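Please put together the full structure from these sequences, using the hints given.
Protein sequence lines correspond, in order, to chains A and B.
Under the working numbering, the first residue of the first sequence is numbered 456, with each subsequent residue one higher.
Under the working numbering, the first residue of the second sequence is numbered 456, with each subsequent residue one higher.
Since the hints were derived computationally from the structure, they do not count as laboratory data.
All of these numbers come straight from a predicted model, not from anything done at the bench.
Just so you know, even glycine gets a beta-carbon here, dropped at the ideal spot from N, CA and C.
Be a bit skeptical, because a hint or two may be false.
As the list claims (entries may be wrong) - If you only want the chain A side, here are some residues facing chain B, beta carbon under 8 Å, derived:
1) V484
2) L590
3) L670
4) R671
5) T677
6) L684
Number of protein chains: 2
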Amino acid sequence: MNIYYAPPSQINNGFAELLDQEAKHISKVMRAREGDRLTIVDGQGGRYQGSILMITNDAVQVKIDKSENVPPSDPRLVLGMGIIKKRDRLEFAVEKAIELGVSEIGLFRSERTIKKNVRMDRLESIAVSAMKQSLQVWLPTITMYHTLDDFLASYTQAEWLVAHEKVEKQDHSFTDTDSDTVLLLVGPEGGFSPSEIDKLTDGGATTVSLGENRLRTETAVTAFLSQFLIQ
Amino acid sequence: MNIYYAPPSQINNGFAELLDQEAKHISKVMRAREGDRLTIVDGQGGRYQGSILMITNDAVQVKIDKSENVPPSDPRLVLGMGIIKKRDRLEFAVEKAIELGVSEIGLFRSERTIKKNVRMDRLESIAVSAMKQSLQVWLPTITMYHTLDDFLASYTQAEWLVAHEKVEKQDHSFTDTDSDTVLLLVGPEGGFSPSEIDKLTDGGATTVSLGENRLRTETAVTAFLSQFLIQ
Chain A
456 MNIYYAPPSQ
466 INNGFAELLD
476 QEAKHISKVM
486 RAREGDRLTI
496 VDGQGGRYQG
506 SILMITNDAV
516 QVKIDKSENV
526 PPSDPRLVLG
536 MGIIKKRDRL
546 EFAVEKAIEL
556 GVSEIGLFRS
566 ERTIKKNVRM
576 DRLESIAVSA
586 MKQSLQVWLP
596 TITMYHTLDD
606 FLASYTQAEW
616 LVAHEKVEKQ
626 DHSFTDTDSD
636 TVLLLVGPEG
646 GFSPSEIDKL
656 TDGGATTVSL
666 GENRLRTETA
676 VTAFLSQFLI
686 Q
Chain B
456 MNIYYAPPSQ
466 INNGFAELLD
476 QEAKHISKVM
486 RAREGDRLTI
496 VDGQGGRYQG
506 SILMITNDAV
516 QVKIDKSENV
526 PPSDPRLVLG
536 MGIIKKRDRL
546 EFAVEKAIEL
556 GVSEIGLFRS
566 ERTIKKNVRM
576 DRLESIAVSA
586 MKQSLQVWLP
596 TITMYHTLDD
606 FLASYTQAEW
616 LVAHEKVEKQ
626 DHSFTDTDSD
636 TVLLLVGPEG
646 GFSPSEIDKL
656 TDGGATTVSL
666 GENRLRTETA
676 VTAFLSQFLI
686 Q
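This is the structure in structure tokens:
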């Protein structure tokens with residue numbers, strides 16, 4: 456795959472500079488040469504094509520000759536997820552959420568979360584890889600919040616949907632929305648507590664059932680986001 | 456979690472025998488005692504409750520006092536998946552498919568699959584764990600087929616749906632079906648080849664788009680099955 460990532464700060468005046476892992480990959484793994492063409496995404500909607508001007512182990516300079524700008528998703532889907540204890544499952548949830556088109560991910564400790572350190576650097580690296588792998592051009596942000604309340608405070612204007620087993624009336628049209636931002640809330644292992652559910656619905660959230668099966672958190676994340684794939 | 460698995464052959468006349476890993480787990484990890492209650496599922500719709508009569512490291516005898524029979528899913532969802540090269544992703548796809556309610560899984564090598572040995576014993580073990588974890592009582596079968604054709608030959612009466620990027624007309628009602636068995640076909644990394652797609656559609660398959668994003672095989676599996684969660 457000939458797609459590389461460079462943040463906008465490394466792309467100026469028709470030239471791009473690839474550093475660190477990207478540069479190492481190009482020089483040592485791909486064994487690219489001057490003149491080889493590649494594609495660069497900047498994580499902010501920009502996709503560029505160009506030719507390599509110069510390669511060292513630490514930096515690759517590219518002359519850009521084609522560029523396009525892809526608008527962000529509309530509506531934006533924001534995933535709010537209770538932290539998953541097992542790292543591989545958490546990383547999986549993040550990777551899948553990005554493939555499925557999430558714009559932002561918020562991780563929070565909820566009442567039922569076992570406290571744990573999270574390797575944010577690994578998650579950010581996974582986010583970059585997932586963006587490139589899925590041919591996307593917007594790099595989702597991944598933010599850790601101390602509490603569910605802190606997370607919700609950042610999205611007061613969004614439409615809130617929360618995955619919950621007990622749903623009084625299933626509104627099948629939850630994927631049709633007028634909002635430009637939709638929050639998809641998935642509780643931690645064990646689900647949201649009753650008081651958390653009350654707080655969410657008091658705040659205007661709609662509860663959404665993901666069917667009859669009991670789903671692990673990472674499975675609920677993918678199932679929830681998958682409802683928005685087909686419009 | 457107090458749920459254990461014993462195939463029907465180990466359940467007779469009001470008694471159940473748990474062996475191997477199940478017995479070890481009960482005796483060494485749970486340190487259960489005579490009289491403790493537990494739940495047993497037989498993978499064929501049977502769910503039993505009873506009390507432990509006798510425990511050794513190798514076998515646990517249970518006296519059953521409650522039993523129920525859960526009918527199989529209707530329609531049955533059968534997943535046909537090109538083999539995924541990386542073992543952790545393949546195992547993930549199997550685990551997620553079972554949580555999401557699949558009845559049977561067929562793995563096949565298609566034109567674009569890199570040939571590889573598959574640890575079927577690990578997949579079967581994952582299937583048992585996923586069944587128990589998701590509180591289900593039917594144990595999905597996992598079968599390896601030499602070719603896509605061999606797999607399809609086992610399901611000539613089913614409705615065939617194949618996930619494909621290029622879909623002329625998206626029929627949104629593909630989750631409404633009259634068939635008792637629906638085949639969900641997901642190609643290997645790289646997707647199905649054009650000739651495989653032709654063979655499938657000539658055989659009556661409907662192509663279904665899973666949206667605009669490029670999805671890894673295991674993500675496509677979860678996205679596809681997730682469309683059937685909410686009826």
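Cross-check of the supplied hints:
1. V484: Since the shortest Cβ distance to chain B is 18 Å, the answer is violated.
2. L590: 5 Å, holds
3. L670: With a minimum Cβ separation of about 6 Å from chain B (threshold 8 Å), the hint on A:L670 holds.
4. R671: 6 Å, holds
5. T677: Constraint on A:T677 satisfied, holds at 4 Å.
6. L684: Since chain B brings a Cβ to about 3 Å from A:L684, closer than 8 Å, the hint holds.
Checked against the numbered hints above, the structure violates only hint 1.
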